[in-house]
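From just these sequences and the hints, can you work out the full model?
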Amino acid sequence: MSEVKEITSPEQAAAERWEEETLAPVLQKRPERKQRFETVSLDAVERLYTPADVHDIDFDEDTAFPGEFPYTRGIHPTGYRGKLWTMRQFAGFGTPEETNARFKYLMAQGQTGLSVAYDLPTLMGYDADAMLSEGEVGKCGVAVSSLADMETLFDGIPLEGVTVSQTINAPASVLLAMYLVVAEKQGADWRKISGTLQNDILKEYIAQKEWIYPIRPAMKLVVDTFEFCTRHVPKYNPISVSGYHIREAGSTAMQELAFTLRDGIEYVQWGVDAGLDVDEFVPRISFFFNAHNDFFEEIAKYRAARRIWSRTMRERFNAKDPRTLQLRFHTQTAGVSLTVQQPLNNIVRVAIQALAGVLGGTQSLHTDAYDEALALPTDQAALIALRTQQIIAEETGVVNTVDPLGGSYFLESLTKKMEDGALDYFAKIDAMGGMVFAVEKGFPQREIQESAYQYQKAVERGEQTIVGVNKYQIENEQSKIDILVIDESVRGHQIARLEEARARRDDGAVGNALEKLKRAAQSGDNTMPATIEAVRAYATLGEVCDALRDVYGLYEEPAF
Amino acid sequence: MTERKIRVLVAKPGLDGHDRGAKIIARALRDAGMEVIYTGLRQTPEMIAAAALQEDVDAVGVSILSGAHNTLCPRIVQLLQERGMDDCLVLVGGIVPKEDVPRLKEMGVAEVFLPGTSTEDIVTYLRDNVRPRA
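First to last, the protein sequences are chains A and B.
FYI, the numbering for the first sequence is 1 to 560, going by the working numbering.
FYI, the numbering for the second sequence is 1 to 134, going by the working numbering.
Errors might be hidden in some of the hints.
In silico negatives: residues of chain A with every beta carbon more than 12 Å from chain B [what the hints assert, rightly or not]:
1) 12
2) 43
3) 86
4) 132
5) 138
6) 160
7) 209
8) 391
9) 449
10) 455
11) 468
12) 516
Computed list of lysine-lysine pairs in BS3-like fashion (alpha-carbon distance at most 27 Å, straight line) [claimed, not checked]:
13) A/471 / A/34
14) A/220 / A/235
15) A/457 / B/5
16) B/98 / A/457
17) A/235 / A/185
18) B/5 / A/480
19) B/5 / B/105
20) A/457 / A/441
21) A/220 / A/320
22) A/457 / A/471
23) A/441 / A/428
24) A/417 / A/428
25) A/83 / A/320
26) B/105 / A/480
27) A/471 / B/98
Hints were generated in silico from the structure; no laboratory data involved.
Note that beta-carbon positions come from the ideal geometry of N, C-alpha and C, so glycine has one too.
What follows is the structure in structure tokens.
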């Protein structure tokens, strides 16, 4: 409320009349349940939203029509009436053989895209036989140490006909190289293959912390993939700028939005600085957001993301191509919201979160399995997760009209609030010199830690309810669900495969390719051609990353 | 005479980088008046045991979400014992299947805190179980 009484608009006057005549007597008789109502991001929510709350939002300028600038209501004029989102379940565990079987199972059940989860050694650029890999091989995803593993992973899955998303960051260029060589061996045309590489290294330093090299050379590797894909794999998304992990690390919805889009801007800037044309490479930049519990806050976040991105691309980078202006994104339901307690409740959480993603206009969706707070999903849990999407798509009717919640006073006002909050963060980060500098200072890291701590405290005070955890608990609950156990024998199996691949290859060719890669890294040339040559000769992931570690060094996180 | 503050090493072994829990615990213990040393990410059991000895801590809180607990936790316990730190409590927090808890305890882990544990419960546990020193 401002001190100076402004001239009251008719909308405000109407709202005030209602407050006095209808609301006040009721509040006197029966006060509300809480003093303050807030979102899962601990952001205040008002009792009622009216035309007075959207008076500064212009329909033509800010909301507009789907398929038109600023794309608040979606990038497709027909929404999901033309094409449903891609149902893309993230999967990967144990050996490449096991994950290949899970992929085939999911596709047989109607899944429309694939998404690979790699294990921690792979994510960190270590082979299965590295000392640090002990206890971790195949645990959190599938183990891939060389091209031989990648060949098995996609055996019988034609890469020209399916889009594959790969969750890999620090060593992303190496896994991309392996993927391209497998495609080539299958006879696929690189110009026709499509899919997504996560390849978002900034959010690793910010949130997920699976880094290898220092930030600047790591950014250079990302730009190398942009450049290479723009030229040779034009339908492939070389990056998925990810808010998911930022949110899982404890950020608010608005911080997720702000840091993710500011990361996106940073990548665009680095691409432009490397001489790429905005309208040539930015259309292939995709995004990845979380879908958390607070239904409207999430939908507002997606709508604000599209609006901010289109305006930023136009204003900062003078983008012209509509595809540059259109933010496309994948959504995954919030793993962090799943509970070990009463795990079947997670099915309900996931369904509601997924619905938010759909109402926010996501291009693809992963629904978590109910057992994921315990372990990687069993077949049965993975199937229910996929069925949840199919029920939303084919039974609920929410897909029948475009942006069905557009025009809601609450949602439009929340969308604007998200946008304003994100732009405030942009200003702060710009003042630091950009996201790389901000990350080096630990700015987003500290902001997220603070939010995570505040949320934990709110849960412990009982202000935020988690059903089954801090309310409606069952004493001595016996967990009766089956979980997937990854056997320690996976490592032995993978080490044997690795030794076999090493025995078969031409060590001279591997050595030459790795030397070539080092020279490219030292001189600042694009590293992709030499990386492809190395993996084609069956250089292992660890060997390729070691070559780059020799040149670039390792990242050490300062204490923030 | 001032009472010696409880000293805790919060440790993150293995390759996993998910440190939300570790950092929340570190801050909550600090807010409760304890002295907390956070190891940072990707520490080997050897590095963790060495830090525990050097910092002369009363307890080591191991945060682990990757499923590698059965390999890493017993090794940390063993290395602490080899260094004569028998009184140092080893606590584990993170994603650990209930079925693994008895085995970890048999191997010398003092307590396992599963998801949903309040930070206050951990503070209380430490106050009740850290052996007072002269």
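Going down the list of hints, with the structure as the test:
1. Distance to chain B confirms residue 12 of chain A as a non-interface residue, since its nearest Cβ pair spans about 42 Å, more than 12 Å.
2. Distance check for residue 43 of chain A against chain B: the nearest CB is about 20 Å away, which clears 12 Å, and the non-interface claim stands.
3. The Cβ of residue 86 of chain A sits about 27 Å from the closest Cβ of chain B, beyond the 12 Å cut-off, so the non-interface label holds.
4. Separation of residue 132 of chain A from chain B is inadequate, the least Cβ-Cβ distance of about 6 Å not exceeding the 12 Å criterion.
5. Distance to chain B contradicts residue 138 of chain A as a non-interface residue, since its nearest Cβ pair spans about 9 Å, not more than 12 Å.
6. In this structure residue 160 of chain A is separated from chain B by more than 12 Å, as the shortest Cβ-Cβ distance comes to about 34 Å.
7. Its closest Cβ contact with chain B, about 3 Å, brings residue 209 of chain A to no more than 12 Å, contrary to its assignment away from the interface.
8. A cut-off of 12 Å between C-beta atoms confirms that residue 391 of chain A is not in contact with chain B; the least separation is 27 Å.
9. With a least beta-carbon separation of about 6 Å from chain B, residue 449 of chain A fails to lie farther than 12 Å from that chain, contradicting its non-interface assignment.
10. Separation of residue 455 of chain A from chain B is inadequate, the least Cβ-Cβ distance of about 9 Å not exceeding the 12 Å criterion.
11. Not every Cβ of chain B is farther than 12 Å from the Cβ of residue 468 of chain A; the closest lies at roughly 8 Å, contradicting the non-interface assignment.
12. With a cut of 12 Å on Cβ distances, residue 516 of chain A stays outside the contact zone with chain B, its closest approach being about 29 Å.
13. Taking the CA atoms of residue 471 of chain A and residue 34 of chain A, the gap is near 17 Å; set against the 27 Å cutoff, the hint holds.
14. In summary, the hint linking residue 220 of chain A to residue 235 of chain A is supported, as the alpha carbons are separated by about 21 Å, within the 27 Å threshold.
15. At most 27 Å may separate the alpha-carbon atoms for a hinted pair to count; residue 457 of chain A and residue 5 of chain B meet this at roughly 23 Å.
16. Distance restraint check for residue 98 of chain B and residue 457 of chain A: the Cα-Cα separation of roughly 25 Å lies within the 27 Å cut-off, and the hinted pair is therefore satisfied.
17. As the CA atoms of residue 235 of chain A and residue 185 of chain A are separated by approximately 19 Å, the hinted pair is consistent with the 27 Å bound.
18. For a cut-off of 27 Å, the pair hint linking residue 5 of chain B to residue 480 of chain A is broken: about 41 Å separates their Cα positions.
19. Straight-line distance between C-alpha atoms of residue 5 of chain B and residue 105 of chain B comes to about 26 Å, which keeps the hinted pair within the 27 Å bound.
20. Of the pairs offered as hints, the one joining residue 457 of chain A and residue 441 of chain A holds, with about 26 Å between alpha carbons and a cut-off of 27 Å not exceeded.
21. Straight-line distance between C-alpha atoms of residue 220 of chain A and residue 320 of chain A comes to about 26 Å, which keeps the hinted pair within the 27 Å bound.
22. Straight-line distance between C-alpha atoms of residue 457 of chain A and residue 471 of chain A comes to about 15 Å, which keeps the hinted pair within the 27 Å bound.
23. Taking the CA atoms of residue 441 of chain A and residue 428 of chain A, the gap is near 12 Å; set against the 27 Å cutoff, the hint holds.
24. Restraint check: the Cα-Cα separation between residue 417 of chain A and residue 428 of chain A comes to about 17 Å, which is no more than 27 Å; the hinted pair holds.
25. Taken as a hint, the residue 83 of chain A and residue 320 of chain A pair is honoured in the structure, with Cα atoms around 25 Å apart against an allowance of 27 Å.
26. Restraint check for residue 105 of chain B and residue 480 of chain A: the C-alpha separation of about 22 Å stays at or below 27 Å, so the hint holds.
27. Of the supplied pair hints, the one linking residue 471 of chain A and residue 98 of chain B holds, its CA atoms being roughly 21 Å apart against a limit of 27 Å.
Of the numbered hints given earlier, the model fails hints 4, 5, 7, 9, 10, 11 and 18; all others are met.
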